[in-house]
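K.L.:
Single-letter residue listing:
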Amino acid sequence: MTFLNVTEIESALTALASNYSGVTSLITLPFTTAEGRQSHALRIGGGSCPTSTILFISGAHAREWGGPDICINFAADLLEAWSLGVGLTYGGTSFTSAQIKSIIDRLEVIVFPDINPDGRNYSQTTYAMWRKNRNPASSGGQASKIGVDVNRNYDFLWDFPVSFAPAAQGAGTLASTDPASDLFHGTGPFSEAESKNVRWLFEQYPRISWFIDIHSYGGDILHAWGDDENQSSNTGMNFTNSGWNGQRGVQGDAYREYISALELSQVQATANAMSAAIGGVHGQPYAVAQGFFLPGWTTYPTSGASEDWATSRYFADPTKQSCRGYCIEFNKVHTFFPTWPEMEDIILDIDAGLINFCLGAVSKYPYVFSRCWWQQHHYEIWHKVFPPELWGPYGPWGRVTEEIESAVSTIVTPIIHAIDELMGKGGR
Amino acid sequence: MTNGKRGDAGKSPGSSEPVPADLFSARITVTRESFDSLLKKFDLDVGCRPHVHANSDGTGTLTAFATKERIRELEAAGYKVEVGENASELGRRRQEEVGKGDRFEGGRVVPRGLGKKTSDQETGDRGQGGSAQ
Chain A
1 MTFLNVTEIE SALTALASNY SGVTSLITLP FTTAEGRQSH ALRIGGGSCP
51 TSTILFISGA HAREWGGPDI CINFAADLLE AWSLGVGLTY GGTSFTSAQI
101 KSIIDRLEVI VFPDINPDGR NYSQTTYAMW RKNRNPASSG GQASKIGVDV
151 NRNYDFLWDF PVSFAPAAQG AGTLASTDPA SDLFHGTGPF SEAESKNVRW
201 LFEQYPRISW FIDIHSYGGD ILHAWGDDEN QSSNTGMNFT NSGWNGQRGV
251 QGDAYREYIS ALELSQVQAT ANAMSAAIGG VHGQPYAVAQ GFFLPGWTTY
301 PTSGASEDWA TSRYFADPTK QSCRGYCIEF NKVHTFFPTW PEMEDIILDI
351 DAGLINFCLG AVSKYPYVFS RCWWQQHHYE IWHKVFPPEL WGPYGPWGRV
401 TEEIESAVST IVTPIIHAID ELMGKGGR
Chain B
429 MTNGKRGDAG KSPGSSEPVP ADLFSARITV TRESFDSLLK KFDLDVGCRP
479 HVHANSDGTG TLTAFATKER IRELEAAGYK VEVGENASEL GRRRQEEVGK
529 GDRFEGGRVV PRGLGKKTSD QETGDRGQGG SAQ
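Top line first, the protein sequences correspond to chains A and B.
Reminder that position 4 of the first sequence reads as 4 in my numbering, one-by-one numbering, no gaps.
Reminder that position 43 of the second sequence reads as 471 in my numbering, one-by-one numbering, no gaps.
It is worth saying that the hints were derived from the structure and are not from the lab.
All residues carry an ideal CB built from backbone N, CA and C; glycine is no exception.
Don't take each hint at face value.
According to the in silico footprint, chain A covers these stretches of chain B (three or more CB under 8 Å from chain A) [said to hold, decoys possible]:
#1 448 to 460
#2 464 to 470
#3 473 to 479
#4 493 to 501
#5 506 to 518
#6 522 to 530
Bound-form chain B, shown alone (with noise of 0.2 Å):
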């Protein structure tokens, strides 16, 4: 749930298709009046749904994805900006956390959870999770 474009920053090697420029995590201090007109008129990647740490003091940091290119708009337009991590390079190596051709071969191996599978004393002992509704 975000409404970020995505801007350029060139070709990439041996392909015809540009690669988008990295996006950075930029915090920015707004209020409840500017938010609305951040997201208007900026167009900001806020992720999949914006979120909002509320201050003390009474304004509000919002966590966005934008271009460094945005974020120096950003400072123009008077905004606050915190600038984080490249989350476009976080991404990127992240990308070696990615399972390498089939863990489950077709589907001859069968996949385990990471719950612990439990005897109903052991259930007992740790007390019941499941909750009526």
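Just chain A, same shape as in the assembly (with noise of 0.2 Å):
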């Protein structure tokens, strides 16, 4: 076995999309590349009324060479063990067939491995240490300037000269201006194909409530934010708040970024939980950490991160769907190129943390309010009858109904779980 190229990742999602057809289907993304690329993802079960969406990306920065193929063997995996009816097992981290089964009935999960084909076949083919895009646009015909970082092109406060404080932008980590960087962030949120089609995907699926972006190195599962300390007293210390621009992104000062201790409790249960199935396949787990944060070191502010912006779209219009955005750092080893074999470890290892992370989305919902008019209608009547003020997530209610939420499902998931089982419904 080799690394895939990027033929081969096209082509290993028409195949899955055929051979699996009744629960599959390729999605063909619009946004084409610098170099004339079309990308497809792979959207996996659903059925006719899904309880929730995930969606992983991989493939943004391309010399990590990796993350499509961490997507392409989740796919395949997922896929025949639900067509044979088995569980699947990842060294000593394992699956019932029930597990996998529920995840194909219940959860829409859409997997786009190769956000950025033409970076990828450059690293592959020419120059190993690429991790732009390749577009020229900006590069004023100099090869040393070409390409975009695609993950400093969200918006997430992507204009960071403006929203982070000068002492943040010293240390040169946000982002930058310089098309010769490694960190070129484009000309302007969402300048580039790539960023263009995850928004797409967003737009299409509306109900994607979590996200996975697969980077390399160093074996972490990094959370929001990414761009100051968090806290969860102050809902006008927001991003949205240009009140504090020039104030981001350095550690101990005023400024820090809002998210609600409960949301925040849970966006660390989910990750611990990836890890620790991470974990189970080689003993070795990886570290949880926020994204402001070089855990036992220091900070590294980002501006313009993928899982800073799927985390904050809900945010900055609560109408969206509300969802956690993770990245996964994988490989432990510091190299961007580890040999075939112990790459096939590492896949081990991440899809049992991919699996398991589709079983948290399964579990937030118990079967009963999974029923299609409910989960389809409940929001949307609230949002009608309260005001946003009211009920978003920097509102007064949204953090009242977080806790009643909580105090709920703590009480009523493992009856309604129980009950699931005795009917047969294929909960876990």
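The two chains are supplied separately, each in an independent frame; assemble them into the complex guided by the hints.
P.N.:
Right, here's the structure in full:
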């Protein structure tokens, strides 16, 4: 076996969509890359009424080769196990056939394995250490200035010279306005075909509520926020408030980014569960950390990163689906280029984590509450009756309802799961 | 998540495109105080996201990728740098481990994942890994 090239990734998606046509569909992304490539994603499961939608993406950074391979293996494993009616085992982590079935039956999982095919092709055939896409628009004809860092091109505090404190900009981690830099953030948020395609998926599948962007390396699972320390007391101190411009990105100062304590605990619990599943495979769990920090050392503020943007959509516009965004940095060894046998072990680790992540999304929605009418309309009705200022993430009732939902879920969920099991509904 | 720029090492044969100079893995000893200034001053490629190994003496070791010229600049500035493998050369070798052609034949051959497909009895024997969140 070898690393997948860009042609093989596309062929793999086509084959999976064709072979498992009853439970998959091939999604054609509308924005072609600078070199004219059209990307595809695979939609898995969902049925007529999925309880939740998950999006996995990878390949944003060209030299981080293993991401698309992880995604293709994940999809192939999930679909084959489902079709055979069996479970899946990754080293010491196993999943039952009922768990696999519950993912296909009750979730909609979208896998977009190679969002930057131009960059991957260049890295795999020409200059292996290439990171960005291959857009020459800002290069002025100079090869050294080709490309945009796709993971600095999302619309989350993209305009870092305005949004962040000068001290945070000084370290040069946020992004760059220099096309020669590996961190060049483009000419505007979503200026690039690659990030536009990800945004398009969120628009076409508005119920995406779980998101992972797969990168390398380090052995980390990162969660919001990436711009500053988290805080749960001041709802007005947040990325939408331009009054805090020029003050973000520095540890220990006045500004910190708002996230409710309950939401943060749930975000961390999901990441910890994923880490445990990864650790079960070969005994090497990943470190869970807020994106802003380099654990045990210092800070690494970022601007325009995907997991922050995915999380921020609901915070910026509460009429959108809330979404928990993560970034996995696979490979605990500090290299972009493991041998293929080493990569196979990493694939087992991460795919166990991804399956577990999906199961977490299943369990969040007890079967009786996943009736189509209920799930499609209850938020809609709620949103029409009450203004967003009241129930949104920065409003008072948003936090109250979170607490109520958590308390009810703690009591009711085990009972509902037991009923599901008794009725053979394919729950966990 | 890096901020490196590429130094050029000349033109590739038969091509007008400059060949970037090779990048070497460089383990740089830093302190909490010097970390930010290091990134600011030397525009290093720190990978997707920097990782600093905390040392027992309170310093840290940052892995970065740098040209030989940049490494000399770091050393001249007083940084302790341990030069490791040629990351660019490693990448060139790994390019031999990239698929040639199309093993899935345009979609006619279905990929199979690396996970082991197991009966529930086998899964039960091993213990379930899927944990509640």
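K.L.:
Hint by hint, say whether it matches the structure.
P.N.:
A quick look at each hint next to the structure:
Counting residues of the region 448 to 460 of chain B whose C-beta sits closer than 8 Å to any C-beta of chain A gives 4, which meets the bar of three, so the coverage hint holds. Interface restraint, the region 464 to 470 of chain B with chain A: holds (3 residues with C-beta to C-beta distance below 8 Å; minimum three). Requiring three or more residues with a Cβ within less than 8 Å of a Cβ of chain A, the coverage given for the region 473 to 479 of chain B holds, as 6 such residues are present. Counting residues of the region 493 to 501 of chain B whose beta-carbon sits less than 8 Å from any beta-carbon of chain A gives 1, not enough to reach three: the coverage restraint is violated.
Figure legend: the region 506 to 518 of chain B, annotated as covered by chain A; annotation consistent (3 residues with Cβ-Cβ distances under 8 Å, at least 3 required). Interface restraint, the region 522 to 530 of chain B with chain A: holds (8 residues with C-beta to C-beta distance below 8 Å; minimum three).
The structure shown violates just one earlier hint, number 4.
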